[in-house]
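Participant: Here the protein sequences line up with chains A and B, keeping their order. Residue 9 is where the first sequence starts when you use this note's numbering, and the numbers rise one by one after that. Residue 165 is where the second sequence starts when you use this note's numbering, and the numbers rise one by one after that.
If you're looking for bench data, these hints aren't it; they were derived computationally from the structure. Check the hints yourself; a few may be wrong.
[What the hints assert, rightly or not] Ranges between beta-carbon positions, derived for each pair:
| hint | chain 1 | residue 1 | chain 2 | residue 2 | range |
| --- | --- | --- | --- | --- | --- |
| 1 | B | 165 | A | 75 | 17 to 27 Å |
| 2 | B | 220 | A | 107 | 12 to 22 Å |
| 3 | B | 276 | A | 75 | 34 to 44 Å |
| 4 | B | 222 | A | 24 | 44 to 54 Å |
| 5 | B | 165 | A | 92 | 15 to 25 Å |
| 6 | A | 61 | B | 259 | 14 to 24 Å |
| 7 | A | 16 | B | 224 | 32 to 42 Å |
| 8 | B | 232 | A | 107 | 17 to 27 Å |
| 9 | A | 48 | B | 220 | 50 to 60 Å |
Just so it is clear, CB atoms sit at the ideal spot from N, CA and C, and this is done for glycine as well.
Take a look at the letters that make up each chain.
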Amino acid sequence: DAGVTQSPTHLIKTRGQQVTLRCSPKSGHDTVSWYQQALGQGPQFIFQYYEEEERQRGNFPDRFSGHQFPNYSSELNVNALLLGDSALYLCASSLDGNTIYFGEGSWLTVV
Amino acid sequence: GENVEQHPSTLSVQEGDSAVIKCTYSDSASNYFPWYKQELGKRPQLIIDIRSNVGEKKDQRIAVTLNKTAKHFSLHITETQPEDSAVYFCAASDPPWGSQGNLIFGKGTKLSVKP
Chain A
9 DAGVTQSPTH
19 LIKTRGQQVT
29 LRCSPKSGHD
39 TVSWYQQALG
49 QGPQFIFQYY
59 EEEERQRGNF
69 PDRFSGHQFP
79 NYSSELNVNA
89 LLLGDSALYL
99 CASSLDGNTI
109 YFGEGSWLTV
119 V
Chain B
165 GENVEQHPST
175 LSVQEGDSAV
185 IKCTYSDSAS
195 NYFPWYKQEL
205 GKRPQLIIDI
215 RSNVGEKKDQ
225 RIAVTLNKTA
235 KHFSLHITET
245 QPEDSAVYFC
255 AASDPPWGSQ
265 GNLIFGKGTK
275 LSVKP
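Hey, can you work out the whole structure from these sequences and the hints?
Facilitator: Right under this line is the structure:
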């Protein structure tokens with residue numbers, strides 16, 4: 009049983025570019041959340057998807073958008089990248105409010 | 165919204181001693197409180213969690229206590245070992261979704277266990 013998988017694991021982008029990060033939830037999980045973890049900080053909630061819709065959103069600008077597909081996988085898109093967007097992006101999945109599992113994350117560096 | 169404060173930010177103990185990390189939360193409607201261990205360059209891994217209908221939970225050397233009245237919860241690690249060295253994060257569910265995946269994290273505690 010695969011856990012939460014994310015891709016890519018590392019990437020470098022230039023300011024102003026756009027990035028798409030991908031997540032496959034743990035088998036059977038229908039809820040996907042995205043978090044941003046800056047160096048030395050705790051993860052911060054970006055948004056959550058359930059039944060292909062954004063159910064809840066944290067305090068992030070509209071440059072951050074997402075999508076959930078019928079198979080429950082999800083994408084996180086960030087437009088007009090800023091240096092401050094450099095962080096570890098974590099995907100988490102869950103089912104019916106039970107244990108939340110994190111993926112290994114995608115390390116994004118903006119130069 | 166929910167706010168979580170975590171103390172201390174760094175903690176150094178001798179191998180075999182106990183370690184205690186404390187967190188407070190602001191929203192009395194929060195009902196799920198997990199603790200995560202994060203090693204350098206890796207993902208947060210759940211080590212123990214507690215729900216608001218329980219006051220204490222134990223798993224081998226790790227225990228968590230919850231005081232709903234005071235809105236604080238604590239992680240206790242006994243008989244610490246060098247491999248316990250990591251950053252530990254507490255978190256609280258952000259209402260109204262309860263434990264559905266929206267967690268508010270503390271800023272973390274860097275635990276160092278010296279042999």
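Participant: Compare the structure with each hint and give your call.
Facilitator: Structure-based check of each hint:
no. : hint                         : verdict
1   : B:165 with A:75: 17 to 27 Å  : holds (25 Å)
2   : B:220 with A:107: 12 to 22 Å : holds (19 Å)
3   : B:276 with A:75: 34 to 44 Å  : holds (41 Å)
4   : B:222 with A:24: 44 to 54 Å  : holds (51 Å)
5   : B:165 with A:92: 15 to 25 Å  : holds (21 Å)
6   : A:61 with B:259: 14 to 24 Å  : holds (19 Å)
7   : A:16 with B:224: 32 to 42 Å  : holds (36 Å)
8   : B:232 with A:107: 17 to 27 Å : holds (21 Å)
9   : A:48 with B:220: 50 to 60 Å  : violated (31 Å)
Going down the numbered hints, you'll see the structure goes against just number 9.
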